[in-house]
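Engineer: Chain residues, written in single-letter form:
There are 2 protein chains.
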Amino acid sequence: MNYGNKEKKIVYAYDFESAVDLTQELENDMPVYPGDPIPVFKRTKTISKNGVNLSDLNLGSHTGTHIDAPRHFFEEGTPLDKIPVSDFIGEAIVLDLSFKTVGEGISPEDLERALAKTSSSNLKVGDIVLCFTGCSRLWGRPEVNSNFTYLTAEGAKLLVSKRVRAVGIDFLSIEKFGSKTHDTHKELLAHGVFIVESLSKELERFLNQRILFMCFPIKFKDGDGAPCRAVAVPISQEGGRD
Amino acid sequence: MNYGNKEKKIVYAYDFESAVDLTQELENDMPVYPGDPIPVFKRTKTISKNGVNLSDLNLGSHTGTHIDAPRHFFEEGTPLDKIPVSDFIGEAIVLDLSFKTVGEGISPEDLERALAKTSSSNLKVGDIVLCFTGCSRLWGRPEVNSNFTYLTAEGAKLLVSKRVRAVGIDFLSIEKFGSKTHDTHKELLAHGVFIVESLSKELERFLNQRILFMCFPIKFKDGDGAPCRAVAVPISQEGGRD
Numbered sequence: 001m002n003y004g005n006k007e008k009k010i011v012y013a014y015d016f017e018s019a020v021d022l023t024q025e026l027e028n029d030m031p032v033y034p035g036d037p038i039p040v041f042k043r044t045k046t047i048s049k050n051g052v053n054l055s056d057l058n059l060g061s062h063t064g065t066h067i068d069a070p071r072h073f074f075e076e077g078t079p080l081d082k083i084p085v086s087d088f089i090g091e092a093i094v095l096d097l098s099f100k101t102v103g104e105g106i107s108p109e110d111l112e113r114a115l116a117k118t119s120s121s122n123l124k125v126g127d128i129v130l131c132f133t134g135c136s137r138l139w140g141r142p143e144v145n146s147n148f149t150y151l152t153a154e155g156a157k158l159l160v161s162k163r164v165r166a167v168g169i170d171f172l173s174i175e176k177f178g179s180k181t182h183d184t185h186k187e188l189l190a191h192g193v194f195i196v197e198s199l200s201k202e203l204e205r206f207l208n209q210r211i212l213f214m215c216f217p218i219k220f221k222d223g224d225g226a227p228c229r230a231v232a233v234p235i236s237q238e239g240g241r242d
Numbered sequence: 001m002n003y004g005n006k007e008k009k010i011v012y013a014y015d016f017e018s019a020v021d022l023t024q025e026l027e028n029d030m031p032v033y034p035g036d037p038i039p040v041f042k043r044t045k046t047i048s049k050n051g052v053n054l055s056d057l058n059l060g061s062h063t064g065t066h067i068d069a070p071r072h073f074f075e076e077g078t079p080l081d082k083i084p085v086s087d088f089i090g091e092a093i094v095l096d097l098s099f100k101t102v103g104e105g106i107s108p109e110d111l112e113r114a115l116a117k118t119s120s121s122n123l124k125v126g127d128i129v130l131c132f133t134g135c136s137r138l139w140g141r142p143e144v145n146s147n148f149t150y151l152t153a154e155g156a157k158l159l160v161s162k163r164v165r166a167v168g169i170d171f172l173s174i175e176k177f178g179s180k181t182h183d184t185h186k187e188l189l190a191h192g193v194f195i196v197e198s199l200s201k202e203l204e205r206f207l208n209q210r211i212l213f214m215c216f217p218i219k220f221k222d223g224d225g226a227p228c229r230a231v232a233v234p235i236s237q238e239g240g241r242d
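Chains as they are written, first to last, in the numbering used here: chain A, 1 to 242; chain B, 1 to 242.
Each hint should be verified, as a subset may be incorrect.
Cβ-to-Cβ under 10 angstroms is the rule here; a few derived chain A residues that face chain B [what the hints assert, rightly or not]:
{"#": "1", "residue": "GLU17"}
{"#": "2", "residue": "LEU22"}
{"#": "3", "residue": "GLN24"}
{"#": "4", "residue": "MET30"}
{"#": "5", "residue": "THR46"}
{"#": "6", "residue": "ASN53"}
{"#": "7", "residue": "GLY64"}
{"#": "8", "residue": "THR65"}
{"#": "9", "residue": "ASN145"}
{"#": "10", "residue": "ILE218"}
{"#": "11", "residue": "GLY225"}
{"#": "12", "residue": "ALA226"}
Using 25 angstroms as the maximum straight-line C-alpha spacing, the simulated DMTMM-like pairs for lysine to aspartate or glutamate come out as follows [to be verified]:
{"#": "13", "chain 1": "A", "residue 1": "LYS100", "chain 2": "A", "residue 2": "GLU154"}
{"#": "14", "chain 1": "A", "residue 1": "LYS42", "chain 2": "A", "residue 2": "ASP56"}
{"#": "15", "chain 1": "B", "residue 1": "LYS162", "chain 2": "B", "residue 2": "GLU143"}
{"#": "16", "chain 1": "A", "residue 1": "LYS42", "chain 2": "B", "residue 2": "ASP29"}
{"#": "17", "chain 1": "A", "residue 1": "LYS162", "chain 2": "B", "residue 2": "GLU17"}
{"#": "18", "chain 1": "B", "residue 1": "LYS176", "chain 2": "B", "residue 2": "GLU204"}
{"#": "19", "chain 1": "A", "residue 1": "LYS221", "chain 2": "B", "residue 2": "ASP183"}
{"#": "20", "chain 1": "A", "residue 1": "LYS45", "chain 2": "B", "residue 2": "ASP183"}
{"#": "21", "chain 1": "A", "residue 1": "LYS45", "chain 2": "B", "residue 2": "GLU202"}
{"#": "22", "chain 1": "A", "residue 1": "LYS45", "chain 2": "B", "residue 2": "ASP29"}
{"#": "23", "chain 1": "B", "residue 1": "LYS176", "chain 2": "B", "residue 2": "GLU154"}
{"#": "24", "chain 1": "A", "residue 1": "LYS221", "chain 2": "B", "residue 2": "GLU25"}
{"#": "25", "chain 1": "A", "residue 1": "LYS49", "chain 2": "B", "residue 2": "GLU27"}
{"#": "26", "chain 1": "A", "residue 1": "LYS82", "chain 2": "B", "residue 2": "GLU17"}
{"#": "27", "chain 1": "A", "residue 1": "LYS221", "chain 2": "B", "residue 2": "GLU154"}
{"#": "28", "chain 1": "A", "residue 1": "LYS42", "chain 2": "B", "residue 2": "ASP36"}
{"#": "29", "chain 1": "B", "residue 1": "LYS124", "chain 2": "A", "residue 2": "GLU17"}
{"#": "30", "chain 1": "A", "residue 1": "LYS42", "chain 2": "B", "residue 2": "GLU17"}
{"#": "31", "chain 1": "B", "residue 1": "LYS82", "chain 2": "B", "residue 2": "ASP15"}
{"#": "32", "chain 1": "B", "residue 1": "LYS82", "chain 2": "A", "residue 2": "GLU75"}
{"#": "33", "chain 1": "B", "residue 1": "LYS221", "chain 2": "A", "residue 2": "ASP183"}
{"#": "34", "chain 1": "B", "residue 1": "LYS176", "chain 2": "B", "residue 2": "GLU187"}
{"#": "35", "chain 1": "B", "residue 1": "LYS82", "chain 2": "A", "residue 2": "ASP56"}
{"#": "36", "chain 1": "A", "residue 1": "LYS162", "chain 2": "A", "residue 2": "GLU109"}
{"#": "37", "chain 1": "B", "residue 1": "LYS49", "chain 2": "A", "residue 2": "ASP183"}
{"#": "38", "chain 1": "B", "residue 1": "LYS45", "chain 2": "A", "residue 2": "ASP56"}
{"#": "39", "chain 1": "B", "residue 1": "LYS176", "chain 2": "B", "residue 2": "ASP36"}
{"#": "40", "chain 1": "B", "residue 1": "LYS45", "chain 2": "A", "residue 2": "GLU204"}
Source of the hints: derived by calculation from the structure; they are not laboratory data.
Note that beta-carbon positions come from the ideal geometry of N, C-alpha and C, so glycine has one too.
Make a model of the complete structure from these sequences and hints.
Structural biologist: Structure, rendered in structure tokens:
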């Protein structure tokens with residue numbers, strides 16, 4: 001749909017009209033990290049009875065596609081609402097890590113191998129890195145909820161050394177399931193690198209590409225994290241990046 | 001902060017690095033529409049006791065800055081999760097309606113008067129219209145929760161006739177408080193024009209201007225509405241950063 005900008009002859013690098021939703025649906029019986037609260041979504045008023053539809057939403061702060069803020073693991077870390085909104089808009093590289101067996105850890109070597117396949121030039125300071133493990137294809141299969149591909153602490157260190165802004169992954173957690181030490185989370189969050197978890201399988205559309213990525217969480221004050229809407233915007237090749 | 005794009009000499013019309021948050025904070029004791037559920041945000045695990053911060057979020061679907069989907073008033077209307085994400089990104093005109101006395105209705109004439117003051121050219125098909133009433137300056141004052149400036153049904157009809165995409169307002173509802181017929185909501189939603197309510201007073205920064213507006217709600221399946229993060233991105237006048 002043309003919303004009227006084209007006639008201005010502004011050259012756009014970002015194709016907003018082709019934006020793709022990377023967000024899992026929030027619904028009853030959706031997958032959650034084992035031990036997290038079971039979300040409950042309930043219609044409380046209906047058009048037939050009350051003339052209006054209204055609902056109650058009851059969910060843990062890390063339900064569905066969501067952001068982890070530094071406050072998740074650090075009492076003095078930045079809370080969710082204090083991350084500037086401009087940080088939630090940025091270019092991202094989508095790494096294809098689906099060559100890993102489900103349940104394995106992503107090492108620095110795996111990241112370098114995936115990076116080498118991207119069409120983009122090198123990772124730039126401030127880039128967002130999105131890891132497609134393929135586990136999102138298995139969303140809804142309970143056995144995967146406690147056995148999914150994760151980023152090792154060493155992998156996290158490599159990304160921190162490259163001064164990325166944020167790291168995303170397409171399943172419930174970026175950490176090895178059941179970790180007691182949470183080394184991957186801590187490595188990223190201690191360096192102010194926020195985390196996006198449970199991206200949907202739509203991420204596969206952008207393997208090895210550079211996209212504009214937006215991931216706006218609800219503004220939960222002093223939050224450790226919160227559900228977000230994550231969106232990929234294709235970058236046009238010809239229109240204006242030269 | 002330079003995230004590395006400037007050296008590419010891409011011409012940007014939208015200044016993402018200067019994005020401004022238009023979202024109210026979600027917190028206990030925040031204002032809600034009278035009769036709506038009182039939200040409860042509660043830390044359930046803490047770093048000192050559990051090594052991690054986690055929280056529960058309990059809130060009505062129309063709490064804080066939020067979207068109303070057609071499903072809010074029409075059983076066959078589009079639910080929140082079926083509005084394409086590209087519709088949540090678009091250019092908006094910010095109208096200054098703060099000349100109205102708090103509690104008055106915004107008429108078609110008021111809209112035309114405010115439109116005439118904008119720096120932009122005419123309203124275009126697909127534009128988003130954001131109404132700054134000034135009530136957002138009074139956020140937190142309980143007496144305003146049942147007496148705020150609203151859009152009349154005739155005003156809504158005018159905007160529908162101009163084929164706008166969405167209409168936003170900077171207080172709890174776009175409708176006259178206590179309306180039993182909900183004519184303003186129904187006029188907009190029946191025509192697929194979604195509504196953004198409870199924008200923050202930061203909207204005042206952009207009076208009479210055209211901006212890029214983004215308002216991503218969480219992806220509540222079959223939802224009547226849901227909290228969103230609303231963001232204004234300034235449009236550079238000279239078309240570029242180079």
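Engineer: Work down the list of hints and note, for each, if the structure agrees.
Structural biologist: Results of checking the hints against the structure:
no.	hint	verdict
1	GLU17	holds, 5 angstroms
2	LEU22	holds, 9 angstroms
3	GLN24	holds, 7 angstroms
4	MET30	holds, 9 angstroms
5	THR46	holds, 8 angstroms
6	ASN53	holds, 4 angstroms
7	GLY64	holds, 7 angstroms
8	THR65	holds, 7 angstroms
9	ASN145	violated, 17 angstroms
10	ILE218	holds, 5 angstroms
11	GLY225	holds, 8 angstroms
12	ALA226	holds, 7 angstroms
13	A:LYS100 - A:GLU154	holds, 16 angstroms
14	A:LYS42 - A:ASP56	holds, 5 angstroms
15	B:LYS162 - B:GLU143	violated, 34 angstroms
16	A:LYS42 - B:ASP29	holds, 22 angstroms
17	A:LYS162 - B:GLU17	holds, 21 angstroms
18	B:LYS176 - B:GLU204	holds, 22 angstroms
19	A:LYS221 - B:ASP183	violated, 34 angstroms
20	A:LYS45 - B:ASP183	holds, 18 angstroms
21	A:LYS45 - B:GLU202	violated, 32 angstroms
22	A:LYS45 - B:ASP29	holds, 23 angstroms
23	B:LYS176 - B:GLU154	holds, 12 angstroms
24	A:LYS221 - B:GLU25	holds, 6 angstroms
25	A:LYS49 - B:GLU27	violated, 30 angstroms
26	A:LYS82 - B:GLU17	holds, 16 angstroms
27	A:LYS221 - B:GLU154	violated, 37 angstroms
28	A:LYS42 - B:ASP36	holds, 14 angstroms
29	B:LYS124 - A:GLU17	holds, 16 angstroms
30	A:LYS42 - B:GLU17	violated, 38 angstroms
31	B:LYS82 - B:ASP15	violated, 29 angstroms
32	B:LYS82 - A:GLU75	violated, 38 angstroms
33	B:LYS221 - A:ASP183	violated, 34 angstroms
34	B:LYS176 - B:GLU187	holds, 14 angstroms
35	B:LYS82 - A:ASP56	holds, 19 angstroms
36	A:LYS162 - A:GLU109	holds, 14 angstroms
37	B:LYS49 - A:ASP183	holds, 18 angstroms
38	B:LYS45 - A:ASP56	holds, 22 angstroms
39	B:LYS176 - B:ASP36	holds, 16 angstroms
40	B:LYS45 - A:GLU204	violated, 34 angstroms
Consistency note: the structure conflicts with the earlier hints numbered 9, 15, 19, 21, 25, 27, 30, 31, 32, 33 and 40.
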